[in-house]
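K.L.:
So my numbering is basically just the index in the sequence shown, starting at one, shifted up by 1.
What the hints contain is simulated information worked out from the structure, not anything from laboratory work. Treat the hints loosely; a few may be bogus.
To be verified - Computed list of lysine-lysine pairs in BS3-like fashion (alpha-carbon distance at most 30 Å, straight line):
1) Lys-484 <-> Lys-584
2) Lys-553 <-> Lys-512
3) Lys-512 <-> Lys-556
4) Lys-208 <-> Lys-189
5) Lys-705 <-> Lys-685
6) Lys-705 <-> Lys-270
7) Lys-544 <-> Lys-561
8) Lys-278 <-> Lys-189
9) Lys-562 <-> Lys-512
10) Lys-537 <-> Lys-556
11) Lys-705 <-> Lys-669
12) Lys-448 <-> Lys-596
13) Lys-481 <-> Lys-562
14) Lys-669 <-> Lys-584
15) Lys-584 <-> Lys-452
16) Lys-522 <-> Lys-544
17) Lys-11 <-> Lys-173
18) Lys-700 <-> Lys-685
19) Lys-204 <-> Lys-421
20) Lys-705 <-> Lys-682
21) Lys-52 <-> Lys-78
22) Lys-512 <-> Lys-529
23) Lys-173 <-> Lys-278
24) Lys-544 <-> Lys-534
25) Lys-430 <-> Lys-562
26) Lys-540 <-> Lys-556
27) Lys-189 <-> Lys-270
28) Lys-540 <-> Lys-553
As the list claims (entries may be wrong) - Beta-carbon label-pair distances, calculated as ranges:
29) Glu-521 <-> Asp-600: 41 to 47 Å
30) Pro-157 <-> Ser-491: 49 to 55 Å
31) Lys-689 <-> Gln-418: 41 to 47 Å
32) Pro-183 <-> Thr-781: 51 to 57 Å
33) Lys-421 <-> Val-467: 28 to 34 Å
34) His-193 <-> Ser-286: 28 to 34 Å
35) Gly-377 <-> Tyr-75: 35 to 41 Å
36) Asn-111 <-> Lys-484: 57 to 63 Å
37) Tyr-449 <-> Gly-606: 17 to 23 Å
38) Gly-377 <-> Val-680: 40 to 46 Å
39) Leu-48 <-> Asn-762: 52 to 58 Å
As the structure is a prediction and not an experimental result, all values here were calculated from the model. Ideal Cβ placement from N, Cα and C applies to all residues, glycine included.
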Amino acid sequence: MFYKQYKLDKFQEEAINSIEQNHSVIVAAPTGAGKTLIAEYALEKHLQSGKKIIYTAPIKALSNQKYRDFSRDYGDKIGIITGDVVINDNAPVLIMTTEILRNIIFDDINRLNDVRYVIFDEIHYIDDIERGTVWEECIIFAPQHINFVCLSATIPNLREFANWMQSVRHSKIDIVVETHRPVPLEHKLYFHGYGLGWLDELKELQKNAYIIPKGNRSRGNRQAQQTETTVALLESPNPNIIPIDGVDLIEHVQINNQLPCLYFSFSRKSCEENALKNINRNFLSPEESDIILDEYDSLCEKFGLVTDSSALELRKLIEHGVAYHHAGMLPTLKEVIERLFTLGYIKLLFTTETFALGINMPACSVVFGNLAKYDGVQFRYLKAREYHQMAGRAGRRGIDTKGFVYAHVDVEYDEFQEIKHIVSGEIEKIESQFNLSYSSILNLYEKYGEKIYDVCEKSLGNYQSVKTLRNINQSLNKIKSQKDELESISCIYDDDTKRIWEYRNLEQRLKEEQEIFNVEKRYGRNNKKKRRKLLKISKSASKIMAMMKSVKCHKCINLKKCLQATNKLADLDDRIRQLSQEKEYIENYQRNQIKNRLDLLREIGYIDHKELLPRGRIASQIYGYEIQVTELFFDGYFHRLDQDWINVLVTAIVFESKRDCWYKMMEKSVISPIISDPVHKLRKIISKESEMGIVPTIKELDTKLSLAVYEWSRGCSFEELENYTDAPPGDLVRYFRLASDLLRQIKRVVSIDDSLYYKINDCISRINRDVVDAEKQLRTI
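Work out the full structure, taking the sequences as your base and the hints as a guide.
P.N.:
In C-alpha cells form, the structure reads like this:
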C-alpha cells in the first residue's frame with residue numbers, strides 16, 4: 002500500500018485499516034518509525050468526509066510544529082488553540098494541547114459534536130506525574146461518538162492500557178505494535194580517558210578500579226581519589242574497549258562522519274558551557290559558514306533579535322556549526338536554532354531533554370553528557386523510557402543507514418545495575434497519575450452530584466488497582482489457609498493459651514530492651530549520664546525477666562514448642578494486618594481524596610450539599626490556579642485595582658522564583674497593603690488542605706518578580722527588565738505567557754461585565770506584547 006508516494010510499512014497499513022473501519026487504535030512504535038503518517042491519513046480522510054478532527058500534543062512547541070507542518074499541506078483547513086495562541090479556531094482540523102481539549106470537554110462539549118477522531122500524540126504522557134490526569138480526563142469524559150488514534154513510544158503494559166480504554170469507551174480499541182526501527186541504532190558507553198565499550202566492559206572496569214562507596218561520594222572524595230582510580234583503570238586494560246586515544250568523543254563523532262549530533266545535557270548551564278568549549282572547533286567549510294550566518298542574520302531580523310545580546314553571543318558559535326537550545330532562552334531564539342538545525346546547518350547542538358519530546362529534529366548521532374538528572378525534586382538516574390526517547394533521535398530515515406548513541410559513564414560513581422537498566426532494561430510500565438483538580442471536581446460535581454465517586458472509578462488507576470487488589474486477596478486467602486493449617490496450641494495446665502501469649506509479649510519486650518542497651522553501650526561517651534541510662538535499662542530488663550519467671554510457661558517442658566507456634570501465628574497475623582491495611586488504603590484512597598476536596602470546597606463556600614455556589618461556578622471555569630483566582634475575584638481585586646497591579650497579582654499566582662536568581666524587590670510599604678490579605682487567606686486554605694490530608698495543589702503567591710512585572714506592564718522594553726532581575730529571558734517569557742493565559746480565562750469568565758471584560762483585555766495587551774506574543778512568533782514565516 003502506498004500513501005503520499007511512500008510504500009507503507011506493515012504496522013502503518015494495520016493502523017490505517019483500523020481507521021478505515023472507524024475503530025480507535027493505539028500505535029506503539031520506536032521514535033522515527035513513521036507514526037505521524039498514520040495521523041496524517043486520519044486527518045486527510047476526515048477532511049474529505051467533511052468531519053472534524055483534533056490533534057493534541059503534550060507541549061506547545063510540538064503543537065506549533067504540527068500547525069506549521071500541516072498548514073503547509075492543508076492551508077486554512079488547519080487551526081491551532083493553545084494557552085498562548087488562537088488561530089483559525091473554527092477550522093475542521095484543530096491542533097491543541099491536551100489541556101485545551103479537556104477544557105472544551107468540560108466547558109463546551111457540544112463543540113465536539115462534529116469531531117470524529119482525536120489524535121493523541123505521545124499518549125504515554127498519561128504517566129506524567131504533574132499532567133497525566135488530563136489525558137485520563139479526556140479519554141473518560143470525551144463524547145462516546147469520538148474515536149481515538151493514540152501514538153506512543155513503546156509501552157510494556159499496552160494490553161492493560163487498551164483494555165482500560167475499552168472499558169470506558171465501550172468500543173473496540175485496536176492495538177498496533179512495531180518494534181523494528183527503520184534506521185537501526187548502535188549504542189556505546191563512553192569511559193572518559195579510556196574509550197568506548199558496553200556493559201561487560203563497564204563491569205570489568207569497575208571490578209578492577211577502586212569505586213568510592215555510595216555513602217562517600219562527596220566532591221572532595223571524588224577529587225582526592227581521581228588519580229588513584231584513573232591509574233587503576235589504565236592498569237587493567239580490556240581488549241574489547243575501543244580506544245579513541247588522542248581525541249575526545251565529539252572529535253570521534255566528527256571523524257567518523259556521524260554529524261549532525263544532538264548532545265543531551267540536563268542543565269541549561271551545562272548546555273551553554275559545553276557549547277562554548279567547542280567554539281574553536283570547525284564543523285563547516287568557509288562557504289557553509291557564510292551560508293549559515295546569512296540565514297541566521299535573516300532569521301534574527303525577522304524575529305527582532307538583531308540587537309539581542311544572547312543572539313549576538315550565539316552567533317559566534319553558529320559560524321562554526323555549533324549551538325545550544327534550552328528553556329531559558331527566548332522562544333524566538335530557540336526557534337531560530339530549530340530552523341537552522343532542520344536545514345542541516347547546525348552540526349553539533351547541545352540541548353536539554355525537551356528537544357526529544359516529539360519535535361521532528363533527527364540527527365545522525367546522539368550523545369548523553371550523563372545518565373542522571375535533577376527532576377525538580379532530586380537527582381536521579383534516567384528512566385529507560387527517557388533514555389530510549391532521546392536516543393531515538395539518532396538515525397535519519399532515508400539518509401543514514403545507522404544511528405549512533407553514546408552515553409558518558411563515570412566508572413567511579415555510576416552504579417552498574419542502574420546503568421544496565423537504563424540502556425538495556427525493560428521500559429517502565431505506564432501508571433495512572435489520576436489526581437483531579439478542584440476545577441475538575443467542581444465540573445463533575447455539578448454534572449453528577451454525589452455520583453462523582455462512581456464516575457471517578459473509571460480512572461486508569463482504579464482499573465490497575467483491581468489487579469493489585471486481586472493479588473492482595475489471593476495472598477490473604479493463602480495466609481489464612483496457612484493459619485488454619487497450624488497445629489493448635491494446647492496447654493498442659495488448664496488449656497489457657499493466654500499465658501503463652503503473655504510470655505511471648507514479655508520476651509519481645511526483653512529483646513527490645515537488650516537492643517536499646519547494646520546501642521547505648523556502643524555509642525556516645527562513657528560518662529555518668531550514660532552509666533545512669535544503662536543502669537535504668539538493666540533494671541527494666543530485670544523486671545521483665547522476673548515477670549517472665551512468674552508465668553507458669555517459664556518452666557514448662559513445652560515452652561519452646563509453644564513459642565514457635567505462637568511466633569509463627571503472630572507473623573501470619575502481622576502479614577494479614579499489613580495486607581488488610583494496604584487493601585483498605587488502595588480501595589479508599591481515590592474516594593477519600595475526592596471526599597476531602599469536596600469537604601474543603603464546602604467549608605470555603607464553593608459548594609453546598611446539592612449544587613455549586615457562586616464561588617464554585619467561577620472556579621469551575623478556571624483551569625489551573627482556580628482557587629487563587631476565585632478568591633481574588635470575590636474579594637474585589639480585579640474591580641478595584643488598575644491594570645498594572647492586576648498583572649502583578651496574576652503573575653504572582655503563576656510565578657515560582659528560583660534561589661539562584663536575583664530579583665529587585667518592591668518596597669514593602671508599596672506592595673504589602675495590596676498583597677497581604679490574599680497571601681494570608683490562601684495560607685489558611687493551604688493549611689486546611691494539609692489538615693484534611695489532601696495532596697497539595699494550591700500554591701502561595703510569589704511576589705519576587707512583582708517590580709519587573711509592574712514595569713513591563715507599564716511599557717518598559719524587554720532589555721530593561723535586566724534592571725529588575727537576572728532570571729533567564731526564556732523563564733520571564735514563560736511566566737508572562739502563563740499570566741496571559743490565566744487572564745484570558747478570567748476574561749472569558751467575566752464576559753457579562755463589559756467594563757471588567759475590557760479592563761482584563763487591556764491587562765492582556767500590556768503583558769502579552771513584543772517577544773511574549775506567541776501568536777506573532779508562530780505567524781513569522
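K.L.:
Against this structure, judge whether each hint is valid.
P.N.:
Tested hints:
| no. | hint | verdict |
| --- | --- | --- |
| 1 | Lys-484 <-> Lys-584 | holds, 19 Å |
| 2 | Lys-553 <-> Lys-512 | holds, 20 Å |
| 3 | Lys-512 <-> Lys-556 | holds, 19 Å |
| 4 | Lys-208 <-> Lys-189 | holds, 19 Å |
| 5 | Lys-705 <-> Lys-685 | holds, 21 Å |
| 6 | Lys-705 <-> Lys-270 | holds, 23 Å |
| 7 | Lys-544 <-> Lys-561 | holds, 22 Å |
| 8 | Lys-278 <-> Lys-189 | holds, 23 Å |
| 9 | Lys-562 <-> Lys-512 | holds, 19 Å |
| 10 | Lys-537 <-> Lys-556 | holds, 27 Å |
| 11 | Lys-705 <-> Lys-669 | holds, 11 Å |
| 12 | Lys-448 <-> Lys-596 | holds, 16 Å |
| 13 | Lys-481 <-> Lys-562 | holds, 21 Å |
| 14 | Lys-669 <-> Lys-584 | violated, 52 Å |
| 15 | Lys-584 <-> Lys-452 | holds, 23 Å |
| 16 | Lys-522 <-> Lys-544 | holds, 20 Å |
| 17 | Lys-11 <-> Lys-173 | holds, 21 Å |
| 18 | Lys-700 <-> Lys-685 | holds, 12 Å |
| 19 | Lys-204 <-> Lys-421 | holds, 10 Å |
| 20 | Lys-705 <-> Lys-682 | holds, 19 Å |
| 21 | Lys-52 <-> Lys-78 | holds, 12 Å |
| 22 | Lys-512 <-> Lys-529 | holds, 25 Å |
| 23 | Lys-173 <-> Lys-278 | violated, 54 Å |
| 24 | Lys-544 <-> Lys-534 | holds, 16 Å |
| 25 | Lys-430 <-> Lys-562 | violated, 47 Å |
| 26 | Lys-540 <-> Lys-556 | holds, 23 Å |
| 27 | Lys-189 <-> Lys-270 | holds, 25 Å |
| 28 | Lys-540 <-> Lys-553 | holds, 22 Å |
| 29 | Glu-521 <-> Asp-600: 41 to 47 Å | holds, 46 Å |
| 30 | Pro-157 <-> Ser-491: 49 to 55 Å | holds, 52 Å |
| 31 | Lys-689 <-> Gln-418: 41 to 47 Å | holds, 43 Å |
| 32 | Pro-183 <-> Thr-781: 51 to 57 Å | violated, 33 Å |
| 33 | Lys-421 <-> Val-467: 28 to 34 Å | holds, 32 Å |
| 34 | His-193 <-> Ser-286: 28 to 34 Å | holds, 30 Å |
| 35 | Gly-377 <-> Tyr-75: 35 to 41 Å | holds, 38 Å |
| 36 | Asn-111 <-> Lys-484: 57 to 63 Å | holds, 58 Å |
| 37 | Tyr-449 <-> Gly-606: 17 to 23 Å | holds, 21 Å |
| 38 | Gly-377 <-> Val-680: 40 to 46 Å | violated, 24 Å |
| 39 | Leu-48 <-> Asn-762: 52 to 58 Å | violated, 34 Å |
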